[in-house]
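In my numbering, the protein residues as written are -14 to 432.
I should point out that these hints are in silico values taken from the structure, not numbers from a laboratory. All C-beta atoms in this analysis are idealised placements derived from N, C-alpha and C, irrespective of residue type, glycine included. Just so you know, not all the hints are guaranteed correct.
Beta-carbon label-pair distances, calculated as ranges [unchecked claim]: (1) 158 - 247: 41 to 47 Å; (2) 403 - 146: 31 to 37 Å; (3) 380 - 335: 40 to 46 Å; (4) 359 - -7: 43 to 49 Å; (5) 364 - -7: 42 to 48 Å; (6) 167 - 380: 51 to 57 Å; (7) 162 - 264: 34 to 40 Å.
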Amino acid sequence: MPLPSAHDVALAAERRAAARLLLAHPLVTSNGPHSDTFPLIRRHADWLAQRFQQVFGYRLLVEASYARLFKAGLGPGSGHRLERPSTGTPFTPRTYAYLTLALSVLVTAPEQLLLSQLVADLRAAAVDAGIEVGDIGRQAERRTLAAALRQLVDWGALVETEGQVAAVAEERGGEALLTVDREIARAIVAGPLTQSRDGADLVRRAADPGFGGPRTYVRRRLVETPAVHLDDLTGAEREWLRTRQRRESQAFSELLGLEAEIRAEGIALVDPDGDLTDLHLPGTGTVAQAALLLVGRLVDRLRPEDPGHPAVGGRLVIGVPVPDRLLPQLLDELVEEYGGRSNWQRGLVEDRDALLAAVVDLLVRMRLMAPAGPVRADGHDLPEGYEDAALDGRSVTDVSGARSRHGTGGWVLLAAAARFATTVAVASRTQPSSVNDTSQQPQEPTR
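Could you put together the complete structure from these sequences and hints?
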């Protein structure tokens, strides 16, 4: 087999760079923060559109000034949340309400308008939709509105021609002149709005893989989440993945430069470059540091009993229950050991409940922990009429009870957490450093 030419290698590298950018940033503008890679998207638009449609069932729209990859969701509890850049605080339902109301105004707005007019039109749209918005005179409400408008600026739907949208948060209500990009505003919403009865129905419909069925859903799940455990999949999805996991691993490597880590409990796609994710563990900041330490201690403390694989007569263990009081107990120990000398955020150190909630939230989003309860393998949260059993009665890996807990309430430590177990490296006697060096440095899974 002849080796690829230098031209072929360069072509593949360009397409991979463009595909990675779109996957991480589904809306790319010609004058935005990723403008240097935008010409690659334009150059390979046809190839990218075909590949995203074939592999993930995603539609790609490339225009002269922007490119929009219309991703589909993964169902309830699997969304990509928006955060305030300055604090990392997740958007509240109120912030999302302001964001959607502003979009409803911008799609038919004039090319330029004043900030005060946009706010007035937004409030009128809320009345028409029967949505109750708060008192804009309150400081907290103004900041929430400013966060929503700031997101529209970051996306390119609004341009601050004179002044800034942050002026809406000023006590006396500042002013700004804004330029509207109606095309981008119309391209932001990806879900089937006209077909959906309400928000929950929209989430379910967006997650329906359509004609691609299990094949499309599994590929989406692999590339959009840090780890996929087998009971995150239906019988049909597990059967499809079992017969194609090696071939799919090679395809993801060629298309996106990702490496598959295949285990009995599931699969994780790892990004060697560490930039194709919005979540980082290890990471900086109090929450990330506490989460890394906590998951390491959980792994040391909670071990599955008699794990095995059904193929050899064993019982697959995907998760083990976390005792009710263990989480706050371990977190208290970590705060005492590291809170002072590691410069952890004082407010979180003093509010242990808030710190624990933030740490658990990060571990859940990293797919290292999960709330106890029904899973997709049990038929939970499937689109209507979706195929959830293997075809022709084919045998698939038995995942019943693999999370070792039935019912709801409490938490489960998932198998992927073992990647973050503490390892001890013993230095050579000739090295001047300390004898025992404890480290936790796994590669970053993609999301």
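Hint check results:
no. : hint                  : in the structure
1   : 158 - 247: 41 to 47 Å : violated (57 Å)
2   : 403 - 146: 31 to 37 Å : violated (53 Å)
3   : 380 - 335: 40 to 46 Å : violated (54 Å)
4   : 359 - -7: 43 to 49 Å  : holds (48 Å)
5   : 364 - -7: 42 to 48 Å  : holds (45 Å)
6   : 167 - 380: 51 to 57 Å : holds (54 Å)
7   : 162 - 264: 34 to 40 Å : holds (37 Å)
The structure shown violates the earlier hints numbered 1, 2, 3.
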